[in-house]
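Note that the protein sequences, when read in sequence, are chains P and D. For the first sequence, position 19 (counting from the first letter as 1) is numbered 19 according to this note's numbering, and the numbering increases by one without interruption. Position in the second sequence (first residue = 1) + 1000 = this note's numbering.
Be careful, since some hints might not be right.
Unchecked claim - Below, a sample of chain P positions facing chain D; criterion: calculated Cβ distance under 10 Å:
hint: 1; residue: Asp60
hint: 2; residue: Gly62
hint: 3; residue: Thr68
hint: 4; residue: Leu69
hint: 5; residue: Lys182
hint: 6; residue: Thr186
hint: 7; residue: Ala187
hint: 8; residue: Tyr216
Calculated from the structure, these hints are not laboratory results. What you are looking at is a predicted structure, and each value in this text was computed from that prediction instead of being measured. Each residue gets a CB set at the ideal place from its N, CA and C atoms; glycine is no exception.
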Amino acid sequence: MKGLLTKDFLLIRNQWTSALIIVAAGIFMAFSMQPSACIAYLMMIGMMLAIGTTGYDEFDNGYRFLFTLPVSRKTYALEKYVFAAIIILGFMVIGVAGAAIVTVVKYSAAALDILELLAEALAMFLIVMVALSFSLPSRLKYGSEKGRIALYIIFGILTGIGLLLGYVLPAETVNAMEMFVKSHATAVIISLTILAVAVIAGSVIISIRIMEKKEY
Amino acid sequence: MIKVTNVRKTYTGFELNCSMELRKGTITGLIGRNGAGKSTLFKCILQLIYPESGEIKLLGKDIKDITEADRCRIGTVMSDSGISGYLTIEDAEKILKNFYPKFDGKAYQEMCRQAGLDPKKKIKDLSTGMKARHRVICALTHDPDLLILDEPTSGLDVIARNEILELLRNYMAANPDHAILVSSHISSDLENLCDDIYMIEDGKIILHEDADVLNDSYAILKVRDDEYRDMDKSHVLKVRKEMFGVICLTDDANYYRTRYPEMIVEKSGIDHLIEMMIGGENA
């Protein structure tokens, strides 16, 4: 896995100018909106950068060479999640630091609650990893171009389900759910974390199967 | 080192169905036209594609049991693929160092220097010849026991081809108990390099012979129609009608030289051999 991680870090290094612009845009966003908004933004960008390395692997029959190296398809799929997690965490740290600085500059030092910021960032990390769990298998299965279309369809369906539920569910039910979440906050957080981890684990298994079946 | 037994893989309009063996200490060549099945067979051996039936043994193991450690013992060149073009020669070294425990950075740098490869240059910006040389260097510098090279000289001029062939000869000279499986559609590349030659056509092995036997015993007989009618055809493999009469491919040149001293017996060469094996008719 070390070789694959080295490859991906070297590939992503080529995009450092884009990354600087992205970080600058994130800081600007933090100033003009909620300071913490830049954390989610930067983490999503980190996820996309990490997923983008599959495009480099695919380019010019790259997979054909990669799988002649001492690396199994399983390791390849696993490495993509590990690499993405490292990049997303890296962008999270930048985001948290940026949000903290913007809070102090824009408001005051007293307005900064670093623990709350970190908790928010960790929750966002899980959400972004879940988003990755939907994106990566489709990219691995269908490649860069078709994978992007498949991703739009998946997120379109998920958004549709969300909107439909909001439309169908009576206001009392929604209120009752909100009350339940507030009164059982810890249990809800633990349950959602377990659910997120399960989704990620499921996605890893699916990605491994996709890679093992593919022919190059 | 490699044993392929009745491996079958089908695509629309094409079927690979063949067996072959690569022994320790030998350079085995796989020769055939473009689309004959060379790359398909290589991909089966390297598990890039999965055969529908048959058995492949690599380094004495069934390919399904090959581990990442076993793969460290193999150096590979695929003609149309290599390390990402967005990386530099220097980056490739860092990557290979992290893949192969026995990777020799000094040898890599020295071979790249000799080949005139600029460490800072991106692979996509290299010429075709430079890219091919770099692929071979990548395959050689982790002390592999086995080299599997699919068309390593494809698209190169004669000088670049000879430089690559020289790298391979040096590798075998330094490691006489290792082995190379190499494919090409350029017969002269394999003619002077290999110990053993397989010829593939339409997914099937149509000829397997020791390179020395090919050189010494195989020949082209040029005969008139009446000579052809009366001659002993027991060692004629293929025949083709020509303006002057018939040309025959034989696997026993001496037999005809001794028995018919007047007959024109010419050394066949692999190109002619392929031409006859593919285009000729049975005697």
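Hints and how they fare:
no., hint, in the structure
1, Asp60, "holds (6 Å)"
2, Gly62, "holds (6 Å)"
3, Thr68, "holds (4 Å)"
4, Leu69, "holds (5 Å)"
5, Lys182, "violated (49 Å)"
6, Thr186, "violated (42 Å)"
7, Ala187, "violated (43 Å)"
8, Tyr216, "holds (4 Å)"
Taken one by one, the earlier hints fail for this structure at numbers 5, 6, 7, listed in ascending order.
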